[in-house]
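Asks: Residue numbers (the working numbering), protein chains in the order written: chain B, 904 to 1013; chain X, 145 to 258.
Quick caveat, the hints were computed from the structure, so don't treat them as lab data.
It is possible that part of the hints are untrue.
[Said to hold, decoys possible] Residues from chain X that face chain B, not an exhaustive set, calculated with beta carbons under 10 Å: (1) 148; (2) 177; (3) 181; (4) 184; (5) 185; (6) 189; (7) 236; (8) 238; (9) 240; (10) 248; (11) 251; (12) 252.
[Stated by the list, open to error] Cβ-Cβ distance ranges computed for the label pairs, FRET-style: (13) B:979 with X:227: 38 to 48 Å; (14) B:986 with X:170: 19 to 29 Å; (15) B:972 with X:205: 36 to 46 Å; (16) X:209 with B:986: 31 to 41 Å; (17) B:959 with X:159: 43 to 53 Å; (18) B:986 with X:171: 18 to 28 Å; (19) B:988 with X:206: 31 to 41 Å; (20) B:972 with X:209: 40 to 50 Å; (21) X:159 with B:964: 45 to 55 Å; (22) X:147 with B:1010: 21 to 31 Å; (23) B:986 with X:174: 32 to 42 Å; (24) X:221 with B:984: 37 to 47 Å; (25) X:185 with B:959: 21 to 31 Å; (26) B:931 with X:159: 33 to 43 Å.
Note that the coordinates shown come from a computational prediction; the quantities given were computed from them, not determined experimentally.
Using N, Cα and C, we set each Cβ at its ideal position, and we do this for glycine too.
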Amino acid sequence: GDSVTQMEGPVTLSEEAFLTINCTYTATGYPSLFWYVQYPGEGLQLLLKATKADDKGSNKGFEATYRKETTSFHLEKGSVQVSDSAVYFCALSDDYKLSFGAGTTVTVRA
Amino acid sequence: ETGVTQTPRHLVMGMTNKKSLKCEQHLGHNAMYWYKQSAKKPLELMFVYSLEERVENNSVPSRFSPECPNSSHLFLHLHTLQPEDSALYLCASSQKASGANVLTFGAGSRLTVL
Chain B
904 GDSVTQMEGP VTLSEEAFLT INCTYTATGY PSLFWYVQYP GEGLQLLLKA
954 TKADDKGSNK GFEATYRKET TSFHLEKGSV QVSDSAVYFC ALSDDYKLSF
1004 GAGTTVTVRA
Chain X
145 ETGVTQTPRH LVMGMTNKKS LKCEQHLGHN AMYWYKQSAK KPLELMFVYS
195 LEERVENNSV PSRFSPECPN SSHLFLHLHT LQPEDSALYL CASSQKASGA
245 NVLTFGAGSR LTVL
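Between the sequences and the hints, there should be enough to build the whole structure, so can you do that?
Replies: And the structure:
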């Protein structure tokens, strides 16, 4: 079945550092790809998405490009802030069901 | 209220208790979901109600029983749970249509089984 693998955390960074979280997927069809973020004490929120190969999703300084040839959707941000501390989930959707990765905990220190 | 609302936010129950989790969405969506979030594990899809059709994960134990009386409300009935069922239970909704299926999540119900 469809699945997502993302890098294990936790990841600890200093403010203004570069962040990358790797995500690869396995799917039989042509899924849509997502990054969701979960701040402490809250549910998951959509961060960005891409629906076809070579699409780039972006939001709040985060970017991810749908790479069909490497089956990847890595998340990047050039300069993180303390407020970016959260758990980040990569996900794919084929039809109406979402499959999530295990999540990567990111802590940004001032 | 807007978005997806879950109650209670926290629940502690014994193994012989019966309780229910409630979810309500105010987005006009036509699909609702229950996910289980355990530490260091991928989110586990438990149940989906889409256009009044229920789809379930066959690995979910029968001690979890969903109910979806209408498109805005979703319940998860709990009975004779085990300590390993302690987790964050997330409700979500979406508009099932062609293209990317974006889920809107509630804040979750934190369940502790003693």
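Asks: Now tell me, hint by hint, if it's right for this structure.
Replies: Taking the hints in turn, this is what the structure says about them:
no.	hint	result
1	148	holds, 7 Å
2	177	holds, 8 Å
3	181	holds, 8 Å
4	184	holds, 6 Å
5	185	holds, 6 Å
6	189	holds, 6 Å
7	236	holds, 8 Å
8	238	holds, 7 Å
9	240	holds, 5 Å
10	248	holds, 8 Å
11	251	holds, 5 Å
12	252	holds, 5 Å
13	B:979 with X:227: 38 to 48 Å	holds, 39 Å
14	B:986 with X:170: 19 to 29 Å	holds, 27 Å
15	B:972 with X:205: 36 to 46 Å	holds, 41 Å
16	X:209 with B:986: 31 to 41 Å	holds, 39 Å
17	B:959 with X:159: 43 to 53 Å	holds, 49 Å
18	B:986 with X:171: 18 to 28 Å	holds, 26 Å
19	B:988 with X:206: 31 to 41 Å	holds, 39 Å
20	B:972 with X:209: 40 to 50 Å	holds, 44 Å
21	X:159 with B:964: 45 to 55 Å	holds, 46 Å
22	X:147 with B:1010: 21 to 31 Å	holds, 27 Å
23	B:986 with X:174: 32 to 42 Å	holds, 34 Å
24	X:221 with B:984: 37 to 47 Å	holds, 42 Å
25	X:185 with B:959: 21 to 31 Å	holds, 29 Å
26	B:931 with X:159: 33 to 43 Å	holds, 40 Å
Every hint, counting from the list given before, is met by this structure.
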